[in-house]
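Student: Chains A and B, in that order, are what the protein sequence lines are. Reminder that position 313 of the first sequence reads as 313 in the working numbering, one-by-one numbering, no gaps. Reminder that position 329 of the second sequence reads as 329 in the working numbering, one-by-one numbering, no gaps.
Simulated from the structure, these hints should not be mistaken for lab results. Incorrect hints may appear among the rest.
Unchecked claim - DSS-like, lysine-lysine: derived pairs with alpha carbons at most 25 angstroms apart:
#1 B:K295 / A:K213
#2 A:K270 / B:K216
#3 A:K213 / B:K88
#4 B:K74 / B:K295
#5 A:K213 / A:K13
#6 A:K13 / A:K216
#7 B:K283 / A:K216
#8 A:K270 / A:K281
#9 B:K74 / A:K212
#10 B:K295 / B:K88
#11 B:K283 / A:K281
#12 B:K88 / B:K74
#13 A:K212 / B:K290
#14 A:K270 / A:K13
#15 B:K283 / A:K270
#16 B:K290 / A:K216
#17 A:K281 / B:K216
#18 A:K79 / A:K31
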Amino acid sequence: MAQTLEIESRGGKAGTPLLEVQNLVMHYGTKEGDVSAVEDVTFTLNNGEAIGLVGESGCGKTSIALTLLRLLPDNSVVKSGDVRLDGESLIGLDEEQMRRRRWRDISMVFQGAMNSWNPVYRIGDQIREALRLHWPETLTYQEETERIAALFELVGLNPATMERYPHEFSGGMRQRAVIAMALSCNPKVIIADEPTTALDVIVQDQILRELKKIQKELGMSIIYISHDIAVIAEVTERMGVMYAGKLVELGSTIEVFHRPKHPYSYLLLKSTPSITGPRRKLAPLEGEPPNLIEPPSGCRFHPRCPFATQQCIDEDPPLTTVGEGHSVACWHWQEVPEIGGLQK
Amino acid sequence: MTEPMTDIAAKTTPLVKVENLRKLYPVSKNIFREAHDFVHAVDDINFEIAPGESLGLVGESGCGKSTTGRMLTKLTDATSGQILLDDKGELIDIAHIQRSDMRRFRRRVQMIFQDPFESLNPRRTVYDTVAESLTVQRIGRVQEREERVAELLHRVGLTPPESFLFRYPHELSGGQRQRVAIARALVIDPTFVVADEPTSMLDVSIRISIMDLMLKLADEFNVSYLYITHDLAVARYMCDRIAVMYLGKIVEIAPTEELLANPRHPYTRALLSAVPVPDPAYKRERVDIKGGISKALNPPPVCRFIERCPRATDQCRTSDHPGFDDLGNGHLVACYNL
Numbered sequence: 001m002a003q004t005l006e007i008e009s010r011g012g013k014a015g016t017p018l019l020e021v022q023n024l025v026m027h028y029g030t031k032e033g034d035v036s037a038v039e040d041v042t043f044t045l046n047n048g049e050a051i052g053l054v055g056e057s058g059c060g061k062t063s064i065a066l067t068l069l070r071l072l073p074d075n076s077v078v079k080s081g082d083v084r085l086d087g088e089s090l091i092g093l094d095e096e097q098m099r100r101r102r103w104r105d106i107s108m109v110f111q112g113a114m115n116s117w118n119p120v121y122r123i124g125d126q127i128r129e130a131l132r133l134h135w136p137e138t139l140t141y142q143e144e145t146e147r148i149a150a151l152f153e154l155v156g157l158n159p160a161t162m163e164r165y166p167h168e169f170s171g172g173m174r175q176r177a178v179i180a181m182a183l184s185c186n187p188k189v190i191i192a193d194e195p196t197t198a199l200d201v202i203v204q205d206q207i208l209r210e211l212k213k214i215q216k217e218l219g220m221s222i223i224y225i226s227h228d229i230a231v232i233a234e235v236t237e238r239m240g241v242m243y244a245g246k247l248v249e250l251g252s253t254i255e256v257f258h259r260p261k262h263p264y265s266y267l268l269l270k271s272t273p274s275i276t277g278p279r280r281k282l283a284p285l286e287g288e289p290p291n292l293i294e295p296p297s298g299c300r301f302h303p304r305c306p307f308a309t310q311q312c313i314d315e316d317p318p319l320t321t322v323g324e325g326h327s328v329a330c331w332h333w334q335e336v337p338e339i340g341g342l343q344k
Numbered sequence: 001m002t003e004p005m006t007d008i009a010a011k012t013t014p015l016v017k018v019e020n021l022r023k024l025y026p027v028s029k030n031i032f033r034e035a036h037d038f039v040h041a042v043d044d045i046n047f048e049i050a051p052g053e054s055l056g057l058v059g060e061s062g063c064g065k066s067t068t069g070r071m072l073t074k075l076t077d078a079t080s081g082q083i084l085l086d087d088k089g090e091l092i093d094i095a096h097i098q099r100s101d102m103r104r105f106r107r108r109v110q111m112i113f114q115d116p117f118e119s120l121n122p123r124r125t126v127y128d129t130v131a132e133s134l135t136v137q138r139i140g141r142v143q144e145r146e147e148r149v150a151e152l153l154h155r156v157g158l159t160p161p162e163s164f165l166f167r168y169p170h171e172l173s174g175g176q177r178q179r180v181a182i183a184r185a186l187v188i189d190p191t192f193v194v195a196d197e198p199t200s201m202l203d204v205s206i207r208i209s210i211m212d213l214m215l216k217l218a219d220e221f222n223v224s225y226l227y228i229t230h231d232l233a234v235a236r237y238m239c240d241r242i243a244v245m246y247l248g249k250i251v252e253i254a255p256t257e258e259l260l261a262n263p264r265h266p267y268t269r270a271l272l273s274a275v276p277v278p279d280p281a282y283k284r285e286r287v288d289i290k291g292g293i294s295k296a297l298n299p300p301p302v303c304r305f306i307e308r309c310p311r312a313t314d315q316c317r318t319s320d321h322p323g324f325d326d327l328g329n330g331h332l333v334a335c336y337n338l
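Sequences are here, hints too, so could you generate the full structure?
Tutor: Put into structure tokens, the structure is as follows:
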């Protein structure tokens, strides 16, 4: 196979910053008022790294993904902040410049993407179309076919099945093909938003293992977005916890799971049932997530937080470093108890 | 399956006893022609539930767990088999119940659905929704009904009840709606509730409070649940025993901790090994199986799992679907190669 057809990540040297999100603020305008969906979020994705964003529905994790790809609805406004890919700001690009970067530089695997295949075209031909639109050089039909076959093999599909139509694929096969398509143009970053949420547990496990293997082999940089902290535990090295539009904790996955410093992360972990470890009483999180048109004053978590004091109502805690690569936005992070791992 | 059921539940009189229950869906190519092909959605299943006990029914989508729940609540008619329900010491077969007895049956059995956005009528207030079964069952006078509804709202945590009585579903959050659905199910004091994925649409933080509420109310109302879920961790939290379903068959039943610690059926093992664990330091033992779940369209009489089973032998290919082996302690497995 020609050198240009190698499947790889076009990111830079492992460990150097690739995608930088800086003080991003994004609001949706509605009739009732401005929804503060993403508020002052800062994080960096390094080359060759898999990071996770976890949080409940409405916490802003998908809004961040849509901002990175600039696929936001018309009523959204990026108020301030920046998103830089390899040092280049994506926020300032016009639609045509952005269109060329999507799929080529940043590609995506969305929840339910397996249902977005066009039913009347063969799967292989739909990937071929992506290659024709986004691959920088013109490939011959034969070269395209070879590349699609290689992609299929990489994601665990039989290359002969590229001639099939979407209805001939099972849900898991369709999601694998979506991953093949996301890899088709050697992107620098893949954003995987709930990539396995609609799948059954055995298929989910197979797909996550495949993604993890590909990420390691190609040195791909991936942002996983999920509401399921167990999925984040499986596939990421670093993670961010979001609550009500804010990034409240950022750290290595193992640190956040074993020694969470934000009360919300702690309660989220404590309220997740598991089939391993001793059967434990789960701690419910009282109350419901706030209305983001009028978010609570100070720390947005204070109405539900067992550690809250007057300071939390008055002042918004900044994200502060509490350990190596571990930062948290809480006035009372020192009071949050350690969790440790699940005992076998 | 001819062996007698030797369940722990069998030591007391069961509340619900399901015998050889089947549901076949005809698939016909032409509307004028009689169907010759059938999807075996639920195929010859047997289980019992003791009074006050919660049984979890787990499996992947399409395995027949929801169809089972719908047959137990008579939302779907069984093709054959019996569903025996204890009604004041007398076992009545609700699979073949008379229309005229339906109201009496509904008083004993209720259901909680998955999606609280769809299961509540958007044009009825909370009071209308919860009071409806009281009206249908002709229980109490208007004032008593109002008191009963208020009491239920209080017990499901919608307090103060007065502020919820006349609200419409669109004014409630997902968690509050599910609380209304729970109040509606329990208002007439049923003995048995089928809960079909009642928390899978809810966020993690809301999920635990709804699960805790259901556990608390199970005690207070002395009600048994058939808890249908795809999430084994949720089943572990909610249920005394778990039944694992695969393509219309129950392949293993055991007390919850026994099933998790000592799964015997190859499908149960594969399923358990695929559940992600919320601890990055935990290394799971992998059990690989081939392929994904399909439909049981005209299945051959052999073991349903045979195509994907790592242990399949000639016996599995030539014999009928295995019956339950009793391993003691209420642990039943349907497999030839333990």
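Student: Which of the numbered hints are not met once you compare them with the structure shown?
Tutor: 1, 3, 9, 10 and 14
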